[in-house]
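Engineer: Given the structure of chain A, go ahead and fit chain B onto it with the hints provided.
Number of protein chains: 2
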Amino acid sequence: MIFWKLFFNSNKKTRLEKNTDSQNILLIRNLNNKNKIYNIYLSTTKNINLYELEKLCDSVGWVKRPLKKVKIALENSFLTISLFYYNENKKKLIGFARVTSDNSFNATIWDVVIHPDFQGQGLGKELMKQVIKKLRIYDISTITLFADPQVIKFYRHLGFIIDPDGVKGMFWYPL
Amino acid sequence: MIFWKLFFNSNKKTRLEKNTDSQNILLIRNLNNKNKIYNIYLSTTKNINLYELEKLCDSVGWVKRPLKKVKIALENSFLTISLFYYNENKKKLIGFARVTSDNSFNATIWDVVIHPDFQGQGLGKELMKQVIKKLRIYDISTITLFADPQVIKFYRHLGFIIDPDGVKGMFWYPL
Chain A
-3 MIFWKLFFNS NKKTRLEKNT DSQNILLIRN LNNKNKIYNI YLSTTKNINL YELEKLCDSV
57 GWVKRPLKKV KIALENSFLT ISLFYYNENK KKLIGFARVT SDNSFNATIW DVVIHPDFQG
117 QGLGKELMKQ VIKKLRIYDI STITLFADPQ VIKFYRHLGF IIDPDGVKGM FWYPL
Chain B
-3 MIFWKLFFNS NKKTRLEKNT DSQNILLIRN LNNKNKIYNI YLSTTKNINL YELEKLCDSV
57 GWVKRPLKKV KIALENSFLT ISLFYYNENK KKLIGFARVT SDNSFNATIW DVVIHPDFQG
117 QGLGKELMKQ VIKKLRIYDI STITLFADPQ VIKFYRHLGF IIDPDGVKGM FWYPL
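Read top to bottom, the protein sequences are chains A and B.
Counting from -3, one number per residue, gives the positions in the first sequence under my numbering.
Counting from -3, one number per residue, gives the positions in the second sequence under my numbering.
Next up, chain A with everything else stripped away, as it sits in the complex (with noise of 0.2 Å):
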């Protein structure tokens, strides 16, 4: 296995990492969880088992989605960041965001999401922090989101603001 790393430029100490896919992984934390050490991934590949990212969404209580219609949302989405890690080789997903733009001026955050156990250890604010960064480097800088009431606070903490200068977030659904 062609297999190289590099010290990304972060405050902590992380590494850059190169694998036979070609995808580019950042190994992001390692975490101890249930005195069990976890080696925390992250990867923007839009290649993500769509079987584990709706046992993901169903380990947090979302309603299902057809997986067709998944497919196609992520392969039109700007941005997916996945967090997994390694289980005997095997990719374990246990976080996900993804980021739907015009590549330009604005960005809209759908779908984030920590699994349960891993919730409370900083990985969705480690998440939330990459997406920015990747989005500010296409000089983005329009990023939104819509929160649910429980998750206001940690956005918040992450510098998103509510409604800047009384402008609303509105939703038209079908009736």
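The reader is advised that the hints may include incorrect statements.
Any copy will do: because identical chains look the same in the list, a pair fits if it lies in one copy or spans two.
Straight-line alpha carbon distances no greater than 27 Å define the calculated DSSO-like cross-link-like pairs of lysine-lysine that follow [unchecked claim]: (1) LYS149 x LYS129; (2) LYS64 x LYS121; (3) LYS67 x LYS30; (4) LYS60 x LYS30; (5) LYS149 x LYS42; (6) LYS60 x LYS129; (7) LYS129 x LYS64.
Keep in mind that the hints were calculated from the coordinates and are not lab data.
Structural biologist: Structure of chain B alone, referenced to chain A:
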């Protein structure tokens, strides 16, 4: 000029026209504006004159944006809709809206604008109805936007809801 007309399925008498550069153009209104008759057309072509678009955005007092970034934004929008009339065979842009989307679940509407000379005559409403109609063809059911305080009422009349179930629109801006 190859030119054909077709009656469109709508309450109003509208026509789908196709011109030589194979853009779909829809006549949406015969407008009497200051004793002059305007045939107002709608098109979803992305072949938009960036200077015309800039002029239109300028007419409603929006901040100037780099044309290079506008071009990228249009290219990466899921949908762009223009309203215009012809003046001596030249298109005069009087309305615009664009949408980012994952082509599956969600869409976000940006840059909705009607030229001040043509406001108050239902064109904004017609523009938005066409946006929603086109998104529904793709079975996109979460249609979102961020509304300035002065247009919240306009979107409410179109069926848009503020903060459903306490979901809040949030923004992150670079410092």
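Engineer: What hints, given by number in increasing order, does this structure fail?
Structural biologist: 2, 3, 4 and 5
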